[in-house]
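A.B. asks: What follows is each chain in one-letter form.
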Amino acid sequence: MKYANRAGPAFLVPALLIIAFVLLFPIFQTIVLSFGRDSTSIFTGYEYAGLANYQRLLNTPRFITSLNNTILFTAVTVPIELLVGIGLALVLDRNFRGKGLVRMAVLFPWALPTALNALMWRWMFNTEFGLFNSMLSDMGLIAERINWLGAIPSAMHVMMFVSIWKTSSFMALLLLAGLQTIPDDLYEAGSVDGTTRFSEFRFITLPLLKPAILVSVLLRTMDAMRAFELPFNLTDGGPLTSTETLSLYAYRAIFQYVNFNLGSSAILIQFIIIMTISVLYILMIRRGDL
Amino acid sequence: MFAKCSRSKGLFSAVVLIMIALLALPIAAQGNVELTLSIGARGFGDAAPILIEACENEVGGISVEWERISDVPNESRSIYVTNFTARNSKPDIIAVDVIWPGDFAARGWVAPIEDYFGDDALAEYLPGFLAAAQVGGSTYAIPLYIDGIHLFYRADLLEKYGFEAPSTWEALIAQAEAIVEGEGNPDLAGFISMWAKIEGLFMNWLAFFQGAGGSFFDADGNLGINSEAGVKSLSTMVGMLGSGVAPESILTFRPNDARLLFQQERAVFLMVQDFVLATLTAEDSPVKDAVQFTRVPYFEGNDMTNTTVIGGFLLAVNKHSENVGAAADFIKCFTSYESQVQASLIQGKVPTRPAVYDDERIIADAPGVAALGANFVYAFARPSAQTGTAYPEISEIMQTEISAALLGEKTPEQALADAEAQILAIMP
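Chains A and B, in that order, are what the protein sequence lines are. The numbering of the first sequence is our numbering, which starts it at 296 and goes up by one. The numbering of the second sequence is our numbering, which starts it at 18 and goes up by one.
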């Protein structure tokens, strides 16, 4: 058995090489580029510029705005998604007829590509032709059409709403997996002791669900901090830069201004923030308390 | 046994296959010269395959593959940035927006091609348009078609209220207000355009600005935006939004959103590029008989100013192409007099050779194209050739500051002063 295993690592080499090439090299290049000037590659014409890009970013109001937007977006959407997700998961955990169908329906928003979702909502929130304005004015609730995506801060609210609609089901899926690991005996023991519905949730479900909650919140936080397709397709970062996220800002720096160095610095700052948050979460999971 | 190993075997074969494919690439390119032409599907539409085939036959020894790229300039530009940064030799020929050649040339992405044409041949193209592709005495792209901004209007509504097509902004605003009030239809907007934070917004403001007697760079090359004309133009735009002549949703409109609203008989005036004309006058268009167009207005007392902002596309050759000469020959054919006549007749493309506007076939079968030509007497280009690699950022600054004023976040004066400060900081 031991002998057979020795060949194992050798078989991994091609895969590791590919991973190193497509994963580690770009990360390394991004880090090096972020300290460069007017360079698009680390092999040709690289010029070291120290912290110049970082200095410029911190003095660029637009970058700060995109940073704030990203943090606000994450801070609002993730907790709401968690609450909605717990609710959905509790419902889905029940035994009822047509459970499979309902589970599939709940997962549908998550299964659709974000870009498609965003375009779909963009039409529904369209000021002139959109579903919502048409419904609201037909019901006589509004006299003038609401400029959902063309005003500050309503564009950000719409973006948050679409994100919550889409990713709550993802939260629900992860939490459902957590719920199903809770042994039924605990609830039985609880009912023998005469627990109420609420204390059952408070003292049995919630503590045992904590690991699942932390993992799902971690994944969603990382995802929300990287939000790109949603603002890109829903609002294009507008109006002004009120829905521009860090990813969108970095994308523009690289592909519109062809400033790979500035864009790389922005990505690296984003990376450090996400890293820090993730490490904190992971420490919490390790310590096993909140 | 086999099933167990299949994963690492699969990976290994994949690596080997990729290596073989990489080695085989240059071999496949020999023989008949194979060129790739990257141009949008909407950009040249039905005319593309027809003209490609005609030019393959005329040039001889080449076969051209059509790579359909996005028609949204920023999207296709992103693809080009990746492609040219990687020094890819394909596509050989690319369609470039009029604001790109200065930037692309400065970055060494496109090849100078004036030697394949010669001065006489170059002189046959609209000089104002060709100038956008000329940097330091070299020509980096050849004009393919123009997409200028014009003022489209509902002739039926104007006639009903006894108005002539407006030539000034003052007249346009008065007419729009009178018609909207007279019609009493809450779904009818006076003026619509593309005021989302896009390049088109900057073009829009430039048209207002030039019509107020302004110029982005003055005769001495100084930035002229923070001026009386600048404030007047931006204040007028803000005022149109405030008074309801322009609906609030205009701030989310891109060209096609505005076109759609106009086509549904929900606007009196529409100011966008001429590519909408083909759709607006199509058989199934509700406004096909009512739509007419004129040049972009100016402010009273500035009637000699050029207000037709030109956009459009040129063809350039990838600097790393293995067949720059063959590519240039193809472009020569693709933008020839006869090709441009065909492109106008088939797809309504607006020619970049002044002589084509007088062609009998155009006058007879594409009167719309011939009429658009008259507005190009007042043509002006955006300041992209002068600003080179800084243009995309300058445009972005302008879009942001104009939006800030339109959204009421800043006064027009403050927005222009802020724009000026930011642009001066990054100007080369």
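No lab work stands behind these hints, which were simulated from the structure alone. Even glycine gets a Cβ: it sits at the ideal position worked out from N, Cα and C. Honestly, I wouldn't trust all of these hints.
Said to hold, decoys possible - Listed next, the stretches of chain B that the computed footprint assigns to chain A, with coverage defined by at least 3 CB atoms under 8 Å from CB atoms of chain A:
| id | region |
| --- | --- |
| 1 | 271–284 |
| 2 | 314–326 |
| 3 | 403–412 |
| 4 | 417–426 |
A.B. asks: Can you confirm whether chain A covers the region 314–326 of chain B, using C-beta to C-beta distances below 8 Å and requiring at least three such residues?
C.D. replies: violated (count 0)
A.B. asks: Using a Cβ cutoff of 8 Å, are there at least 3 residues of the region 271–284 of chain B near chain A, or does the coverage claim fail?
C.D. replies: holds (count 4)
A.B. asks: Are three or more residues of the region 403–412 of chain B within 8 Å, CB to CB, of chain A?
C.D. replies: Per the Cβ count (3), the hint holds.
A.B. asks: Quick check: the region 417–426 of chain B, covered by chain A? Criterion 3+ residues, Cβ under 8 Å.
C.D. replies: Three-residue rule met by the region 417–426 of chain B, so holds; n is 5.
Figure legend: structure checked against the earlier numbered hints; the only hint not met is number 2.
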